[in-house]
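Engineer: Read in order, the letters of the sequence shown are residues 5 to 591 in my numbering.
Because the hints were derived from the structure by calculation, they are not lab data.
From the three backbone atoms N, C-alpha and C, an ideal C-beta is built for every residue, glycine too.
There could be a bad hint or two in this list.
[Unchecked claim] Keeping only pairs whose Cα atoms sit at most 25 Å apart, straight-line, the calculated BS3-like set for lysine-lysine is:
id : residue 1 : residue 2
1  : K500      : K350
2  : K359      : K163
3  : K350      : K71
4  : K500      : K436
5  : K350      : K436
[As the list claims (entries may be wrong)] Pair ranges (Cβ atoms, derived):
id : residue 1 : residue 2 : range
6  : Y168      : V13       : 42 to 50 Å
7  : H194      : L9        : 17 to 25 Å
8  : G578      : V537      : 45 to 53 Å
9  : L190      : V269      : 20 to 28 Å
10 : V269      : G197      : 23 to 31 Å
11 : V482      : L526      : 37 to 45 Å
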Amino acid sequence: MLSSLPPFVLFFVGAIVIAFTRGTVRKVLILAIPLVGGLNLWFGVEPGLHLQFDLLGYTLTPYRADKLSLLFGYLFHLAAFLGFVYALHLGDGAPEGSVAGEVGEDDIVGNASAGLQHVAAMVYAGSALGAVFAGDFITLFIFWELLAISSVFLVWARKSERSYATGFRYLIIHVVSGVLLLSGALMLAHETGSIAFEHVGLDGTGAAGWMLLLSLGIKAGFPLLHNWITEAYPESTPTGTVFLSAFTTKVAVYALARSFVGTDVLIYIGTAMTFFPIFYAVLENDLRRVLGYSMINQIGFMVAGIGIGTGLAVNGAVAHAFADVIFKGLLFMSMGAVMTMTGRTKGTDLGGIYKTMPFTAGLCIVGASAISAFPLFSAFVTKSMIMVAAIEEHHYVVWLFMLFASAGVLEHAGIKIPFFSFFAHDSGIRAKEPPRNMLVAMSIGAVLCVLIGVFPTQFYTMLPMEMDYHPYDVRHVVTQLQLLAFGALGFITLVKSGVYPDEKRAVHVDAEWLYRKAGPWLLGNIGRAVTRVDVYVRSSVLEFVGSIMHGAERTHGSVGPLAKSWPTGSMVLGVVILLVAYLLFYL
Numbered sequence: 005m006l007s008s009l010p011p012f013v014l015f016f017v018g019a020i021v022i023a024f025t026r027g028t029v030r031k032v033l034i035l036a037i038p039l040v041g042g043l044n045l046w047f048g049v050e051p052g053l054h055l056q057f058d059l060l061g062y063t064l065t066p067y068r069a070d071k072l073s074l075l076f077g078y079l080f081h082l083a084a085f086l087g088f089v090y091a092l093h094l095g096d097g098a099p100e101g102s103v104a105g106e107v108g109e110d111d112i113v114g115n116a117s118a119g120l121q122h123v124a125a126m127v128y129a130g131s132a133l134g135a136v137f138a139g140d141f142i143t144l145f146i147f148w149e150l151l152a153i154s155s156v157f158l159v160w161a162r163k164s165e166r167s168y169a170t171g172f173r174y175l176i177i178h179v180v181s182g183v184l185l186l187s188g189a190l191m192l193a194h195e196t197g198s199i200a201f202e203h204v205g206l207d208g209t210g211a212a213g214w215m216l217l218l219s220l221g222i223k224a225g226f227p228l229l230h231n232w233i234t235e236a237y238p239e240s241t242p243t244g245t246v247f248l249s250a251f252t253t254k255v256a257v258y259a260l261a262r263s264f265v266g267t268d269v270l271i272y273i274g275t276a277m278t279f280f281p282i283f284y285a286v287l288e289n290d291l292r293r294v295l296g297y298s299m300i301n302q303i304g305f306m307v308a309g310i311g312i313g314t315g316l317a318v319n320g321a322v323a324h325a326f327a328d329v330i331f332k333g334l335l336f337m338s339m340g341a342v343m344t345m346t347g348r349t350k351g352t353d354l355g356g357i358y359k360t361m362p363f364t365a366g367l368c369i370v371g372a373s374a375i376s377a378f379p380l381f382s383a384f385v386t387k388s389m390i391m392v393a394a395i396e397e398h399h400y401v402v403w404l405f406m407l408f409a410s411a412g413v414l415e416h417a418g419i420k421i422p423f424f425s426f427f428a429h430d431s432g433i434r435a436k437e438p439p440r441n442m443l444v445a446m447s448i449g450a451v452l453c454v455l456i457g458v459f460p461t462q463f464y465t466m467l468p469m470e471m472d473y474h475p476y477d478v479r480h481v482v483t484q485l486q487l488l489a490f491g492a493l494g495f496i497t498l499v500k501s502g503v504y505p506d507e508k509r510a511v512h513v514d515a516e517w518l519y520r521k522a523g524p525w526l527l528g529n530i531g532r533a534v535t536r537v538d539v540y541v542r543s544s545v546l547e548f549v550g551s552i553m554h555g556a557e558r559t560h561g562s563v564g565p566l567a568k569s570w571p572t573g574s575m576v577l578g579v580v581i582l583l584v585a586y587l588l589f590y591l
């Protein structure tokens, strides 16, 4: 019965139900919905299942299951379950045992309604599932916009002036993405007669293809379009950020894998994404914003893999997306736990709390090891597929940039996050461990990071394309260990020598400066220039018209020469003179 229903239905119905429940009933429901949905998807849905109907001459497919959509379906059910376990304490008040200077999440969000976050997160997860199981662009557009509308409440739930302003900018950016998606889909339908959510590419699709790519690029965080990630995630609630990190960008990665596999421009866009965020992450003081830059970096590997387009590269991209949701979620959960117990997320304010939060520190280190691609951890068996595919397709420069970016990942996420939050200088904070549900969610994530790394063969069977890849060959293991060792040595050397940038309270200019500062400044100057031109033109025209009127008055006025009475004889003489002149001219 459930297998014939699109997966999002259970989440949407569940959101309505939990809106009217409280306490234990709500907690049971928010855990049961993703668990039941995930088990149904795993055991009850096979590739090939679909639901179609015709509307206005077009075929709509609100439910299409294949290996690619099923992989992301499993992932999103898992992410929703982990997120709801992590958010289970909402509504219970501040964690017990808080000491001076510590705050609970209820304080952080300004006593925000737990129900609002639970309902918004449930609709958000359902929208992500609706998007990955959509078989046409119209259905995708509907869930594309629902993703934006539902997720913005996780930002607004912080209930601060910054979160409200950030949320509005976030919403505007994603609505623009939706408008581009719909416009591109309609143009594509006009050109091809189809709205099927299949491979589009840029060859032969003209403006429609570019418009669709730009729409997906906004949600994926392409360069210059990425700042909604680094702006919104740090302003969300501790639990809200966990959900935000799991769904929106991964839906975009899925859509790119569905529609733009083998598109060469994605290789270079993805490579740039792996590279430039490293420098911002090194300088950034807010550790949740560091993870935002880290997310862009990791998505870059996925985008480049999709652009390379071989079976190994695409498998690597979607496998890395799966792994990233878990290890990045674990890192966001660890920082959320720190924020919940201390009210702080800046490196300058933290340090030394491993003494009283040892379990959180240990789980954070597991996430850091996974994102750094240590052997026996998840990214080691996923990201390497993309890099091997780059070598096989002779993209040597791209591979070198990815290698540098991999070392940068170790520095800014593998070392900086745990070091500055739990170790470094002693901040004097003595916070206790977070609520038990938070530790359980982080522990599950940590175990999954290890299981994927230790048993990659079983994980590879879930991937959409056939391949023959073995990550644990001697050369790969030794090369990666060398990279990690020299990266760690470089970090230690820079810190000890004082070259490594200190954590400072500062604002770093990024691409959002273009629309937050430069844009208003430019529009203001243009407006003032237009006003000055308008005033000048108006005054010049009025002066010109005035001079004409004044001249006419002098000539035709009551005292003007043309107003005088001329004798009839003088007028006849004038006519004769004109006629004589005319005859002389033509004779």
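Engineer: Take the hints in turn and mark each one as holding or not.
Structural biologist: Okay, the hints, checked on the actual structure:
no. : hint                       : verdict
1   : K500 with K350             : holds (21 Å)
2   : K359 with K163             : violated (32 Å)
3   : K350 with K71              : violated (41 Å)
4   : K500 with K436             : violated (30 Å)
5   : K350 with K436             : holds (18 Å)
6   : Y168 with V13: 42 to 50 Å  : violated (32 Å)
7   : H194 with L9: 17 to 25 Å   : violated (33 Å)
8   : G578 with V537: 45 to 53 Å : holds (47 Å)
9   : L190 with V269: 20 to 28 Å : holds (23 Å)
10  : V269 with G197: 23 to 31 Å : holds (26 Å)
11  : V482 with L526: 37 to 45 Å : violated (53 Å)
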